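**Q** Chains W and Y are the protein sequences, given in the same order.
Its first residue numbered 4, the first sequence is counted upward by one per residue in my numbering.
Its first residue numbered 868, the second sequence is counted upward by one per residue in my numbering.
Derived by calculation from the structure, the hints in this document are not laboratory data.
In this text the structure is predicted, and so the values were computed from the model without any measurement.
The reader is advised that the hints may include incorrect statements.
Below, simulated BS3-like cross-link-like pairs (lysine-lysine); rule was C-alpha separation at most 30 Å, straight line [claimed, not checked]:
| id | chain 1 | residue 1 | chain 2 | residue 2 |
| --- | --- | --- | --- | --- |
| 1 | W | K288 | Y | K1124 |
| 2 | W | K97 | Y | K1124 |
| 3 | W | K184 | W | K170 |
| 4 | W | K197 | W | K302 |
| 5 | W | K184 | W | K250 |
| 6 | W | K302 | W | K184 |
| 7 | W | K184 | W | K97 |
| 8 | W | K394 | Y | K956 |
| 9 | W | K71 | W | K97 |
| 10 | W | K195 | W | K249 |
| 11 | W | K195 | W | K170 |
| 12 | Y | K1124 | W | K184 |
| 13 | W | K134 | W | K170 |
| 14 | W | K231 | W | K250 |
| 15 | W | K97 | W | K391 |
| 16 | W | K97 | Y | K956 |
| 17 | Y | K1124 | W | K231 |
| 18 | W | K231 | W | K197 |
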Amino acid sequence: MTAARSSGWSRRTLGVGLAVVAAAGCLAGCSTTTPENGTAATGQPSAGGTYTIWDPYPQYDKTSEWVKLLESCGSQAGVTVERTAFDTSDLTNKALLAAQQGNAPDVIVIDNPVISTLAEAGVLTTTEENKLDISAISPNLIAAGQSGGKTYGVPIGANTLALYYNKAVLDEAGVDIASVKDWVSLTAALEKVKAAGEKGITFSAIGTEEGSFQFLPWFWGSGAQLTKLDSAEGVSAVTLWTDWLKKGYAPNSVINNTQTTSWQEFASGDYAFAENGTWQLANAKQAGFEYGIIPIPGKAGGTAAAPTGGEFVSIPVQQDAARYATSQRLVTCLTSTDNSFTTVSTLSYIAPTEQVQARQITENPELEVWVAAVKAAKGRTSDDLGTKYPKISEPMWGAVQAALSGAKSPQQAMTDAQTAIQ
Amino acid sequence: MSRIAQAPNRRPAPAIGGSVPTGRGHRKVWRPRAEQLTAWAFLLPIVVYLVVFYAYPLYRNLELSLRDYTVRSFVQGDAPFIGFDNYAKVINDATFGPALWHTVVFTVVSLVFQFGIGLALALFFVRNFRLSATLRALFLVPWLLPLIVSSSTWAWMLNSDSGVVNAVLGMVGVDPVNWLTSPDWALWSVTVANIWIGVPFNLVVLYSGLQAISPAVYEAAALDGASGWQRFWSVTFPLLRPVSAITLLLGLVYTLKVFDIIWIMTRGGPSGASTTFATWSYRLGFGNLVPSFGPGAAVGNLLIVTALVFGLLYIRVQRRQALA
């Protein structure tokens, strides 16, 4: 009996042994993945610990000015900064997932139209809670981070759109840039350029948020409101672009252009105009031809409101409210008047405060037109649109695509888009 | 000792104990458990792997599609259960009809041409002429390239204004075509790119299928006076049927979920002209500032179910063939 048992046991031990081995393997695996941030949980400001920062700037690595700035802000606050960079389009979902799992970063740098979405999700703290000082920020810029009378972050810097032009192409066509003041004179200039055998204007009308971003200066410049896409003004903006395509003033490829491919077209030197952003300034200097920049004209003259681009710095909700104090010091370090100049120079943005804007113009007079454009700019989620904006934006870029590709007339496209929103 | 005392009450047990040596009797009681444990220990890694990486994500995707997720309820985790409302919403969406049609056209046209061209090339290469190995290797290039590379290259070639295709057309006096920016052409352009990418796979699988057919069968057919065409239809094609079936099934699953090519070349545009279920699902879940997880997951599930239906159909046909 004992002999029999032992033989039975031996098999069983083998089985149990294997199970134990497997379990031990799992335990070992699990224990190594356990985050060891116990030191950070003390929650006392300047008591050390690790603070996490997420940003949408994967193009900046450890040696960049931006990361050095983050680290120096961390050491000023007496903490170690752990920075992770994400692709812009990836960051919204990453932030939502992290909030769902209860491990949101301490500080997040995020694209401004996303703020209202994250605020709606209850992911971000308000400035009342986190004590961030926003008094110096230009009202038109902070608006994108406000919803229901509360402010959910501080703009780290702003950029917007304007028209780049190629001096040589305009000279050849006999166009005086000073004559371009409204839509009629701009279209007349394009006509002359086309007649001279050159290419007119390039922009991005791709079927993503980028397309809406590029269309908005014309939409707002016509006097239209996002709450009514199919107004006569709104339709006139779509018609302007559609006519440019029909008459060959703009290439058909704009329908598929991102802002980068549109810039590549302009950089070829064949185009008179390109609608593009502050961030192309460094590339413009390398383009190898003389260029200039004018604000995007409104339908009847003046400067059209362009949408503000650029990110906000926000402090996501944490279980341990004691962490906010240090997070607040980190954000203030990045956005305070003293440091803002370094931040915006690093990121090649326009500062969100008048004081720093003035300093930027003194140091680089070329930025004057951009500062003016940023002052005229408007947040996409402003006018209390908040999370309604994305639901308007998607039908809008769809309508622009439908009109430009000839699938629908501008009127029909905008009417259908308005119907889709309701 | 107590066991013996209890014996009369449990009659079967002593019966076994009586006829069989006690040791083996106990082994019979113990062995299945030990073996089961061992078996489970061996199974454990794969079970854990399947549950973590397949079962749970599928379950989550199903759950996402059955609840009303807003950004707020996604974070708070209190999304109300709404049954099939997301599916109803998706099916009644203006995008559903066109997206379904585009998916069908894209899949069927891709499969027909990939399989046709792949089979023709396989028949060509099975003759093993000089340089055939080199040429065959060249045909594999589309398969080896990362999709982002081949799709971006196609997008450049088909660019309306500076693309090489329109430049060539211009040389022979044909007006430029808006390959990617015209609603009439966008779907065909992405389909052509997808066919080009899918041919090597069909070529390789069908080529190995052809090699498995015994030359003796062909010799017998030739002796019986079968023409080349007859040999193909009556020998090659029927003998290649099992391989063809699995090639088409894998091709179908692959084509249904094609996303990268379309997204890189057209973003599903212009104005939805090349939107398939795969790109639509992505757009709903990730392509907007406010993600609609529920409807996005619903569209994704429709794709999974479609692939599953064809998979089951394949198994059924295969079983019937095995029985016949």
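**Q** A separate judgement is required for each hint: does it hold in the structure or not?
**A** Hints and how they fare:
1. W:K288 to Y:K1124: violated (43 Å)
2. W:K97 to Y:K1124: Roughly 23 Å between the alpha carbons, so the hint for K97 of chain W and K1124 of chain Y holds.
3. W:K184 to W:K170: holds (17 Å)
4. W:K197 to W:K302: Holds: K197 of chain W and K302 of chain W sit about 21 Å apart, inside 30 Å.
5. W:K184 to W:K250: With a Cα-Cα distance of about 21 Å, the restraint between K184 of chain W and K250 of chain W holds, given a limit of 30 Å.
6. W:K302 to W:K184: holds (9 Å)
7. W:K184 to W:K97: violated (43 Å)
8. W:K394 to Y:K956: holds (15 Å)
9. W:K71 to W:K97: holds (24 Å)
10. W:K195 to W:K249: holds (16 Å)
11. W:K195 to W:K170: It holds: about 14 Å lies between the C-alpha atoms, which stays within 30 Å.
12. Y:K1124 to W:K184: violated (49 Å)
13. W:K134 to W:K170: It is violated: about 48 Å lies between the C-alpha atoms, which goes past 30 Å.
14. W:K231 to W:K250: holds (28 Å)
15. W:K97 to W:K391: Given pair K97 of chain W, K391 of chain W holds - Cα atoms ~21 Å apart, limit 30 Å.
16. W:K97 to Y:K956: holds (26 Å)
17. Y:K1124 to W:K231: It is violated: about 37 Å lies between the C-alpha atoms, which goes past 30 Å.
18. W:K231 to W:K197: Between K231 of chain W and K197 of chain W the Cα gap is close to 34 Å, so the pair fails against 30 Å, i.e. violated.
Violation of the numbered hints given earlier is confined to hints 1, 7, 12, 13, 17, 18; the remaining hints are satisfied by the structure.
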